[in-house]
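Q: Listed here are the chains, written in short residue letters.
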Amino acid sequence: MLVAENLIKTFPGVRALDGATLRVSPGSVHALLGENGAGKSTLVKVLTGVYQPDGGRITLDGDDLRLTGPMDAQAAGIGVVHQERNLIPAFSVAENISLHHLPHRRGVVDRARMRAEARRCLGLLEVELDPDAPVATLSPAQGQLVEIAKALSLENRVLLLDEPTASLTGDEADHLYAVVRRLRDSGRAVVLVSHKLEEVFAVADTLTVLRDGRSVASGEALAGFSQSRVVDLMVGRAYEQVELARREVNAEAVPALRLADVATAHGHRDVSLEVRPGEILGLYGLVGAGRSELAKAILGLGRITAGTVEVHGKPARIATVGEALRRYRLGYVTEDRKDEGLFLDQQVTRNIAVTVWRRLARLGLVPDRAERRLALDFVGKLDIRISTPRQVAGQLSGGNQQKVSLAKWLAADCDILIVDEPTVGIDVRTKAAFHELIAGLAADGLALLLISSDLPETVALADRIAVMSDLRIAGVLDNDHDYPRMSRQIIRMIHAETHAEAA
Amino acid sequence: MSVATEEGRTESAETVRKPPRIPWWANPRVGLVILLILLIALFTALRPAFLDTKLTLVPLQSDISVYLVVGLAQLMVLSLGHMNMAVGRMAAMSAFVMGLVHDQLGAGLVVSLLLGLIAGGLLGALAGLIISRTGVNSFVVTLAMDFALVGLITILYTSVTDGVAFPTLPAGMDALRFDTFADYCLGDVCGPRIPLVVPFAVAAALLVGLLFRFSRLGREMLMTGANIKAAELSGIPTKNRIVQAHALSGLIAGLAGFLLAANNGAFSASIGGEFLLPSFLAPVLGGTLLAGGAVSVLGTVLGATLTQVIYKGLNLLQFQLDQLQLYIGLVLLAALSLDRARHVIAERRGAKL
Amino acid sequence: MTRFLRTPDFTLAAIALLGFVVLAFATSGNLLSAGTLGAFFRFLAVPVVIGLSQMVVLAVGQMNLSVGALTGFCAMAAAWLMLEAGLPAPVAVLAALALGLGVGLINGLLVVFTRINGFIVTLATMTIIQGLRYGVNGPDTFQGYSAGLRAFGRASVLGLPVVFLCALVVAGLVGWFFARTVAGRRLLASGGSPFAARLSGISNDRSLVVAHGLSGLLAGVAAVITVAASGSVNASIGDDLLLPSFAAPIIGGVALAGGMVSVTGTVLAAFLVRLVDVMQAQFGINPRWIDLIIGAVVLGAVLLGTVRQRLHDRGSTA
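Chains as they are written, first to last, in the working numbering: chain H, 1 to 503; chain A, 1 to 353; chain B, 1 to 318.
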């Protein structure tokens, strides 16, 4: 029995875990549920030794566990299949499964034993895969099965699956859950982290619900819960949220951004959307539905193969982000602020002013004072907490980093903004401030396309909500801000879509 | 590039630790200045001739000028996190064009210089173009280019000249070689004993400093080096910046070739043959990393000065050229390790505060 | 089979074979005469080994700029041990190998402990080794050492020089190391996906040290071959090896990013470069054309690889 009690983990500016508790018994499937940012990933990383907790204790069968690194967790028999693939693409299936302890004779790999082990582990899962196939040639679903096989090879007693079906089709997911049941029946404990409630209810025995880093349910039998009860537990705060000022959108206005029957090289088909000035159009969908890719295609970072994009009623051909910015005043706040949004080693002022150097420059030179004034202006407006303007962006907390990432587009004077997952990994208070900020931008007349996987956020902010599923728009809803009603409608829409797909 | 850094990045992406302010003594530039002073004192104590103006200081300044400009050429692409392995050969091609324009067309100093620099810039731009269009590693592209140019240069010199060097020099090159400002007097007031090539290097350093510190172009190059995805998503034309940085690298390499030709008194095929190592030494000693996104022009000046002081000093102490290498390498390793140690100590101290 | 026909190795092999046949005809069979053919392969041995020496560090995403200088240093050390210290040839050979391994390990340890980029570390050690190489005997040449070793350098089996066969054996061992041994697989895992490797309990630091050590050892092998085959050595040995050491693996299709090796590709690329070399000697072309051609070939190989990748990507997304 794996027990984690009152775990605490803080990052600069965020308390990711604030008394999380988890109890998992052998021979059961345990669901770990929670909204985006509730602390699920952090909990998984603490349990697998990637992070060290600041407080609380973890015990396995009553013995205290001190996990100082991933190896400790493995030694204790706790395995994990992460969302991001951790296989070596050039290596074969068999080799990846045995990589921890390659069977060898005097340093030479014993391939026969390696293959046998791979067959044994794959056999436990009743999966047919060629042990000699390079992992690079496998589908994401097959890769996932290889990772599970790898965990089995390590004789793990506890297996954590982090969003295992995020990139799988319906059939593949069904197969995976059959595997999960088999693992349970063999006496192992499986912890399942998932967004997809329907799937969870079909397979899990017990559950833990995290909200803002705290357990609001831990270890109870799933049988005592209805789906809507679980949703209420997860999103409890949706009702506490500050009421945002109502805005009036002129429905007659020419759309600032309009997509008509757009198809992309990424695989989007028949995407039609309209965002009017002063309006927030929510683009909701599950991870992998293709929302960020659509945004990038609009910006010229992906190829649009059919349909038209119009900006303020005129057809727009956007080839580069620079062009989107200068000719169409269209900006994109990326979801991946660390890799795509910020220059972590550069000063905050430069991070904000990077989009406007062209405008500030005199004879090609950027006057420091003008840059600083402009940057500090936005530091003040967005309440970005910095100790000195020369501070580098990497030293800021997540929320402040996100504000810097947004500030650079506001500085550029955009009138259409695509904001992608603006509050992922941000603590609750900053999140609320961010929501007010975004609503304020719309009130100032900006057209906003809000991409979010955070349902309460979408319902709280958007004027209309477009639901994206599987690279298509499943429907567009007028938002009446009645959360229980809207959320049910949206979730039903997504499910109808995936079911239609499976049928 | 190394496994270690990649891993470090994955870790730091998760938890953004607050790096403490680095104290002044952990600044590599300060260490270089102290080292410079110590070395000059040491050489002077061992050989008082080290401070002899005519014998040592004047040629030393000329050498520093050349290798400073060489370092700046490399610095241009280090800003992107790239390398220019063909820096010496771009200098040689550029010098060839200068010699050719003068020899065949009878052009004067300024025209030859300008056309040579343009040739260097074009070569750099070609490298940048290949890198930005194909996405192939800059190391590979410039290495291949270096190979190709080594051959081409000798062939060109053989077909146009006696095979080694151009027989004539534009008017004024001799003055650049032998004169110092002390040779030019206004009434009784004469200039200091600074060779005429020095202002070229100083101007180059100032311009490069200005470029990275104040200009939009330079800043956008640094941003491209810091995070190319974020730069692209901020509307920076990253491909153009890559081409431009490489073009400037080639152009500055051309200037280095010109200064060396002036010092040697000939546009010869051997120009640039010894540029590669010093081109990295000066910026790296000065604290510029290979990762891109940050450069130090002042550090490059100090790095070039330090290397040339060591060369000159050991030369005076009658060390053989190849033995010099040993000490230069040791100094580089020691400087880098100390730099690393300083950082670690500074971080630990900061963490305790 | 068709998959094999499309591999870069096959393309290289076809080009190499074609080049060899064309050259044989163009020299009216002179290339195939015992003397020429022997020389062809004898001077192929060092480029093969030095290319492998660079390849093993590329496998972990590192570079080793000191391979050339180290080869020279080990060669000078071996000659010194035989002539000045009077040691028998086998001892000197072992000492040269040990020296190469030791210096390589130092490179690796420096990279791991200082966390400084491997390019810079080996740039520094390269200059140091150049100084040491010169320090062994100044500008003078060592010659007239062990007759047995020199005979070994000139010996042939079935018309192929023994030193070349040695190089092939070394190549086979390196290929076997990466394909079959636990240490080799770990090295490739570290180079390809350091994070995934670490999660699998592999020490990336150890992989770096092993790769640099192996690179040094191979430089030592190249040194021994040089000492045996050339009959005399001086402090300039290794100066012209650095760029070819990169050329062979890069033409052979090894990526700088790490995680993969191609022993066959590296050997074939070294063969191609040697072919160009011989062509120059046979036709009395200005030797400088060689560099031009090799440069163009490297660039061409890289561009071809990119195009191939793009076509592949496009094919798979469509």
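Hints are computed from structural coordinates only; laboratory data are not their basis. Take the hints with a grain of salt, since some may be wrong.
As the list claims (entries may be wrong) - Think about it this way: if two alpha-carbon atoms lie no more than 30 Å apart in a straight line, the pair counts; the simulated DSSO-like pairs of lysine-lysine are:
| hint | chain 1 | residue 1 | chain 2 | residue 2 |
| --- | --- | --- | --- | --- |
| 1 | A | 229 | A | 239 |
| 2 | H | 314 | A | 54 |
| 3 | H | 381 | A | 229 |
| 4 | A | 239 | H | 296 |
| 5 | H | 196 | H | 314 |
| 6 | A | 54 | H | 296 |
Unchecked claim - So, partial list: chain B residues that the calculated Cβ filter (under 7 Å) puts toward chain H:
| hint | residue |
| --- | --- |
| 7 | 180 |
| 8 | 192 |
| 9 | 193 |
| 10 | 199 |
| 11 | 200 |
| 12 | 201 |
| 13 | 255 |
| 14 | 256 |
| 15 | 257 |
| 16 | 260 |
| 17 | 264 |
Claimed, not checked - Counterexamples of contact, computed for chain B against chain H with all Cβ distances above 10 Å:
| hint | residue |
| --- | --- |
| 18 | 27 |
| 19 | 182 |
| 20 | 188 |
Idealized CB from N, CA, C, for every residue including glycine.
Q: Now look at each hint and say whether the structure bears it out.
A: The hints, checked one at a time:
no.	hint	result
1	A:229 to A:239	12 Å, holds
2	H:314 to A:54	72 Å, violated
3	H:381 to A:229	27 Å, holds
4	A:239 to H:296	18 Å, holds
5	H:196 to H:314	40 Å, violated
6	A:54 to H:296	64 Å, violated
7	180	5 Å, holds
8	192	5 Å, holds
9	193	5 Å, holds
10	199	5 Å, holds
11	200	4 Å, holds
12	201	5 Å, holds
13	255	11 Å, violated
14	256	15 Å, violated
15	257	12 Å, violated
16	260	6 Å, holds
17	264	16 Å, violated
18	27	41 Å, holds
19	182	5 Å, violated
20	188	7 Å, violated
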